[in-house]
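These are the residues of each chain, in order.
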Amino acid sequence: MNNNLRDNWKLKLALLGLFFFFYIAINVFIDPSGLLRSAQEKTIAKWLNNGYGVINAINIDYRKVVRERIAILESKPDVVVMGSSRAMVIDSSMFPGDNFLNISLPSANLEDIIANYEILYENNKLPQKLIICPDLHYFNSYCKSTFHLFKEYDKALERMGIKKKQTLTDILVKVIDPRYIQILSPGYFQESIRYFPAWIIGKIPRPSPVEDYERREKVIRPDGSIIYESSRRERPQSEVDLKAERYAFKHPEGLVNYRSIDEFRRLIFESFIRRVKADGVELEMLLIPIHPRAYEILTNNKLYRIIIDVEEYMKQTFEKEKIKYAGSYSPSKCNVSSTEFYDAVHVKPEALKRLLDELNTRM
Amino acid sequence: MAWIPIYILLLITTTIVSYFSGLLLQKQNNEKIRKLILWVSISINLGILFVFKYYNFFMDTIENIYNAIGYHSELPYSKLLLPIGISFYTFQAISYIVDVYRKDIEPEKHFGIFALYVTFFPQLVAGPIERANSLIPQLKAEHNFDFERISEGLKIMAWGLFKKVVVADRLGYISSYVFANPQSHEGPGLLLAMFFSSWQIYCDFSGYSDIAVGSAKVLGINLTQNFERPYFSSSFPELWRRWHISLMNWFRDYVFFPLGGSKYGVWNTCKNLIIVFTLSGLWHGAKWTYVLWGFLMGLCLVLSYLTRDFRKTVAEKICITKFPKLHKVIQILITYSIFLFFGVPFRAEKISDVFYIWSHLWLGWSNPTRGLDFDDFIITLGMPTQQEFNVGVIALGLLIIVEACKSYGISLKEKLEQRNMALRWSFYYLFLFLLAFYGVWNSSPFIYFQF
Chain V
1 MNNNLRDNWK LKLALLGLFF FFYIAINVFI DPSGLLRSAQ EKTIAKWLNN GYGVINAINI
61 DYRKVVRERI AILESKPDVV VMGSSRAMVI DSSMFPGDNF LNISLPSANL EDIIANYEIL
121 YENNKLPQKL IICPDLHYFN SYCKSTFHLF KEYDKALERM GIKKKQTLTD ILVKVIDPRY
181 IQILSPGYFQ ESIRYFPAWI IGKIPRPSPV EDYERREKVI RPDGSIIYES SRRERPQSEV
241 DLKAERYAFK HPEGLVNYRS IDEFRRLIFE SFIRRVKADG VELEMLLIPI HPRAYEILTN
301 NKLYRIIIDV EEYMKQTFEK EKIKYAGSYS PSKCNVSSTE FYDAVHVKPE ALKRLLDELN
361 TRM
Chain A
1001 MAWIPIYILL LITTTIVSYF SGLLLQKQNN EKIRKLILWV SISINLGILF VFKYYNFFMD
1061 TIENIYNAIG YHSELPYSKL LLPIGISFYT FQAISYIVDV YRKDIEPEKH FGIFALYVTF
1121 FPQLVAGPIE RANSLIPQLK AEHNFDFERI SEGLKIMAWG LFKKVVVADR LGYISSYVFA
1181 NPQSHEGPGL LLAMFFSSWQ IYCDFSGYSD IAVGSAKVLG INLTQNFERP YFSSSFPELW
1241 RRWHISLMNW FRDYVFFPLG GSKYGVWNTC KNLIIVFTLS GLWHGAKWTY VLWGFLMGLC
1301 LVLSYLTRDF RKTVAEKICI TKFPKLHKVI QILITYSIFL FFGVPFRAEK ISDVFYIWSH
1361 LWLGWSNPTR GLDFDDFIIT LGMPTQQEFN VGVIALGLLI IVEACKSYGI SLKEKLEQRN
1421 MALRWSFYYL FLFLLAFYGV WNSSPFIYFQ F
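These protein sequence lines are chains V and A, in that order.
Mapping to my numbering: the first sequence position 5 is 5, numbers consecutive.
Mapping to my numbering: the second sequence position 398 is 1398, numbers consecutive.
A few of these clues could be false.
[Unchecked claim] Computed cross-link-like contacts, DSSO-like style, restricted to lysine-lysine with a CA-CA straight-line distance of at most 27 Å:
id, chain 1, residue 1, chain 2, residue 2
1, V, K129, V, K64
2, V, K163, A, K1079
3, V, K42, V, K203
4, A, K1350, V, K250
These are calculated hints, taken from the structure and not from any lab test.
For clarity, every value in this text was computed on a predicted model and none was experimentally measured.
Please take these sequences and the hints and turn them into a complete structure.
The structure is reproduced here in structure tokens:
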């Protein structure tokens, strides 16, 4: 080591540290998605319960919003829909005369559904009818989870008499708020830099309440359903089809390493169904299809043929438990065409309405 | 490929089996028993690899044969996932056992040191495959804080990250998409995907190797350099001396030489080369596409070996040898083009896709963008936006310039280090900023993790 280097190494380490200080400072100060604005979910929940829609809810914790709004909900809903973002466009107009609530969550997995139900139960807001829109990845033990409702989930398992092994991820999620990990991520840095000009002039879009829902941006309506942004609603069909192909060819995250139906998840799912029935809630299931091209590609790929078995398993379980169900992951089996999709997995409301009508006619 | 905690038992088994085999081999003088210990140990290690990596491939092949002869049977398939890094640590453990058997090295008596040799984290999941005589003495040595060494390691890691997240993952948008679905594309799209794919694989793997080498350097350990700008090679043998060096050295020492190497005439040499490269293809993955790729690479090497004198004569006859720099550039381009063309099976999902790509590479050139604007055309190839494409091309251009300079003995890194501190640190800040801002940070796994 030469003298110059020996003299300067502390300075150099400080300079390196300074870069990372700037990196974090930019993320913290610009904070384009309001990750550190801890009260925003509570405020959004209040707006929604007071009958307002919400725009610019870009990176909010939907799970917290649901938890908050159920806690302050004034009356029991008649019908509740639970699922992933694929079920989020189901709205109250599809259930005329009913007090309707959609508590679907983006990237929801089985744990979310169970935890959501526990929130309803704990707050004495169990509906008369519960419609669940289960997803294919529910039984994949390798599926990454963005699950945060661990307290409610653990309670629900306890109520169902199921013991769960604590994994390292479970412990880490309890100790470290995933928001703090996200605020350190380079992806968030990229967003912060993009929003830098807006931040300088003080115009970073933050969640705000609205009364009219016919807008260009995405709106969360008071019933919990969403209206997608116009760029998605008006997407040309060729782009939709291309997105579907890309989704299927790029190894969908929830389906990676999906070789078999996980026994533990199966146990939870079946116990959950029995619990809901025991609580006297009318349970129905709606299987939402995926884009025809994506379905074709996935089912032709040996790695993902499990999705046929998963559907078969679900239908057998529903029949065994005498639960009404409609729809299919296969679009051809439920007559949903490629023009009725926003992308590979998100179906337009008109098609969902048709599937719900079919569900209603089932005995 | 998966990281499942219980699979750590495999790593422990490999470590224990190899450790005790080494000790037993040293104690034993009876050659027959030594040979038995060697083969039992190798069989256990390869057996684990077979069960987890090749069993379903084997079953698939049998099923296809059955189907071809009209016999239908339900074969028992395994639902086991491929443990991450298994091919690398298995080969590293085998090299140790063979070296002890050959008495090239003394067996390591300290179990902790040996376990560290097998599981040393920077190179555990994707190499470089280290030899015991190189790594173990370093693991035993005392390492003091050395800022220069740490700084050097961090720079290597940063460069590796650039290759991975700025270049490889961005080029991967097109190559992954087109190779997953080649039937929707024609010549221009296929060629672009092949070109991007070749650089994606190189940047992905050499990026990982740089990160491994750099992080080991920070800890005071020097790992084998795994890549030496292979695309700037002027012949096929040279390319394979500069590509995945630790694996090629492994195959050379533990397969090629024991088969007789190049000692027994031209045809035996050719046969051995084909065997070695076909096996190296199989090592990369349990798919016939990899086997085909390995076989073709071996074949290219054999042809290169057989036509060496002829090519030399032709070059002299057309007087290209009078312009050595031009001659070298032409050789580099020819070598790269051959690697590009015969590299198709490496990325193709199925053998039929390989032949589709080769046969359709020549079509669609009268209307390269299929009547679309260039922006729309590249989006149909899987690139999210034109801007992503531009960033990818610029980053790749920068990488090629840096590597080309190195090939001509010009080190831009050394030039930068000669500048004053303010300039150097301005560059480092800019580099880190660009890395963070232009990196594709949505956790695309390294391609070589699946091997």
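Discussion item. Checking each numbered hint in turn, tell me which of them this model violates, lowest number first.
Written reply: none
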